[in-house]
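K.L.:
Keeping the supplied structure of chain G fixed, place chain E upon it in accordance with the hints.
Here is what each chain is made of, one letter per residue.
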Amino acid sequence: MVSGIIVTHGKLADALRDAAANIAGDATHLDIVSNDDLSPDELVARVRSAVARAGEHGTIVFTDLGGGSCATACLRVLRDHPNVRLVTGINLPMLVDFVLRRGDLELDALVARLLQRGQSSIQELRGA
Amino acid sequence: MAEAGFVRVDERLLHGQVLVAWAAALRPRRIVLASEEVAADASQRAIFESLPTDDYEIAVTTIAEAAAALRAGERVLVVVASPADALRLVECGAGIGAINLGGLRGAGKRRLTNAIFLGVEDLPALRALLERGIALEARELPGSRGLVVDAATLDRLES
Chain G
17 MVSGIIVTHG
27 KLADALRDAA
37 ANIAGDATHL
47 DIVSNDDLSP
57 DELVARVRSA
67 VARAGEHGTI
77 VFTDLGGGSC
87 ATACLRVLRD
97 HPNVRLVTGI
107 NLPMLVDFVL
117 RRGDLELDAL
127 VARLLQRGQS
137 SIQELRGA
Chain E
-11 MAEAGFVRVD
-1 ERLLHGQVLV
9 AWAAALRPRR
19 IVLASEEVAA
29 DASQRAIFES
39 LPTDDYEIAV
49 TTIAEAAAAL
59 RAGERVLVVV
69 ASPADALRLV
79 ECGAGIGAIN
89 LGGLRGAGKR
99 RLTNAIFLGV
109 EDLPALRALL
119 ERGIALEARE
129 LPGSRGLVVD
139 AATLDRLES
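Protein sequences, first through last, are from chains G and E. In terms of the numbering used here, the first sequence is numbered consecutively and its last residue is 144. In terms of the numbering used here, the second sequence is numbered consecutively and its last residue is 147.
The following block holds chain G by itself, in its conformation from the complex:
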């Protein structure tokens, strides 16, 4: 099973994991990190230890903003871990899909699917 780590500003990671567990159930191997009150180096250390705790079948790190301290910290950790992928712009449809499919897809196939799911979930809906 592919592991997941959500790294965000403020309480977003916690709230996303909570919401995903409500919809899809199992939220094991889904770690969270907040950048609240952390220096860049402290944030890198938190992400590093979350990656170290993750399973052996690859890890996807999700961040909110692409251009932010969370993504920057994750890119620094990525350099030393060939089995870790970074996906920015996390949303709930993407995360729910991750929870549902991470047992039956391998790492890169899962990343490709999540990018597609996350993007296609953004639509304008109009009432009749």
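Since the hints were derived computationally from the structure, they do not count as laboratory data. A quick note: this is a predicted structure, and the numbers were derived from the prediction, not measured. Mixed in with the good hints, there may be bad ones.
[As the list claims (entries may be wrong)] Sample of chain G residues lacking proximity to chain E, with all beta carbon distances greater than 12 Å (derived):
| no. | residue |
| --- | --- |
| 1 | Lys27 |
| 2 | Gly41 |
| 3 | Ala43 |
| 4 | Asn99 |
| 5 | Asn107 |
| 6 | Asp113 |
| 7 | Val115 |
| 8 | Gln132 |
[Said to hold, decoys possible] Interface residues of chain E toward chain G, partial, derived using beta-carbon atoms under 7 Å:
| no. | residue |
| --- | --- |
| 9 | Arg0 |
| 10 | His3 |
| 11 | Leu7 |
| 12 | Ala9 |
| 13 | Ile35 |
| 14 | Leu39 |
| 15 | Arg93 |
| 16 | Ala95 |
Built from N, CA and C at the ideal position, the CB exists for glycine as well.
P.N.:
Showing chain E alone in chain G's frame:
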């Protein structure tokens, strides 16, 4: 921007507040991380230059290069890591009149605002900037309340 360029001291370097909120308020053409350390480190540099951007470019430069861009009147948002680097930028001839203090932390430092903590090592550079007639303002976000930092402010921190 009153001046074409804008300078911010932020040890977090390029992060969400800068790349999203300040970029939206200032609409710079380029956001420049001016740091000798990052400019000399190919992998750190690649990380910052690979961040996704909207309407601006991201560049990592030396402090002298950033000073030249400011002096040339380029519409640029320059971020430096420390008051000492801000002073170096001015000494390189940036020709700016004001500096934004955006984020400084660290154990054992004294609190100026929730985002700015200053240590004794920061004070000489800040005093030198004031002596050169540069206005210092602590302001985390474009919409947050700014705090003017003058010599009396620094005296109070030191006492």
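K.L.:
Against this structure, judge whether each hint is valid.
P.N.:
Hint check results:
1. No beta-carbon of chain E is positioned within 12 Å of the beta-carbon of Lys27 (chain G); the least distance is around 15 Å.
2. Every Cβ of chain E is farther than 12 Å from the Cβ of Gly41 (chain G); the closest lies at roughly 31 Å, confirming the non-interface assignment.
3. The claim that Ala43 (chain G) is not at the interface with chain E holds, since no C-beta of that chain comes within 12 Å of its own (minimum 25 Å).
4. Look at Asn99 (chain G): its CB is around 19 Å from the nearest CB on chain E, clear of 12 Å, so calling it non-interface holds up.
5. Every Cβ of chain E is farther than 12 Å from the Cβ of Asn107 (chain G); the closest lies at roughly 16 Å, confirming the non-interface assignment.
6. Distance to chain E confirms Asp113 (chain G) as a non-interface residue, since its nearest Cβ pair spans about 22 Å, more than 12 Å.
7. With a least CB separation of 25 Å from chain E, Val115 (chain G) remains clear of the 12 Å interface cut-off, as annotated.
8. The Cβ of Gln132 (chain G) lies farther than 12 Å from every Cβ of chain E, with a closest approach of about 18 Å, so its non-interface assignment holds.
9. A distance limit of 7 Å between C-beta atoms decides the matter here; for Arg0 (chain E) the minimum to chain G is near 5 Å, and the interface restraint holds.
10. With a cut of 7 Å, the hint placing His3 (chain E) at the interface with chain G holds, because the nearest CB-to-CB distance is about 4 Å.
11. For Leu7 (chain E), the suggested interface contact is upheld, since its CB lies about 4 Å from the closest CB of chain G, less than 7 Å.
12. Because the closest C-beta pair between Ala9 (chain E) and chain G is about 11 Å apart, greater than 7 Å, the hint is violated.
13. Interface restraint check for Ile35 (chain E): the shortest CB-CB distance to chain G comes to about 4 Å, inside 7 Å, so the restraint holds.
14. Hint status for Leu39 (chain E): holds, given a least beta-carbon distance of 4 Å to chain G, under 7 Å.
15. With a least beta-carbon distance of about 6 Å to chain G, the hint placing Arg93 (chain E) at the interface is held under the 7 Å criterion.
16. With a least beta-carbon distance of about 10 Å to chain G, the hint placing Ala95 (chain E) at the interface is violated under the 7 Å criterion.
In this structure, the hints that do not hold are numbers 12, 16, in rising order.
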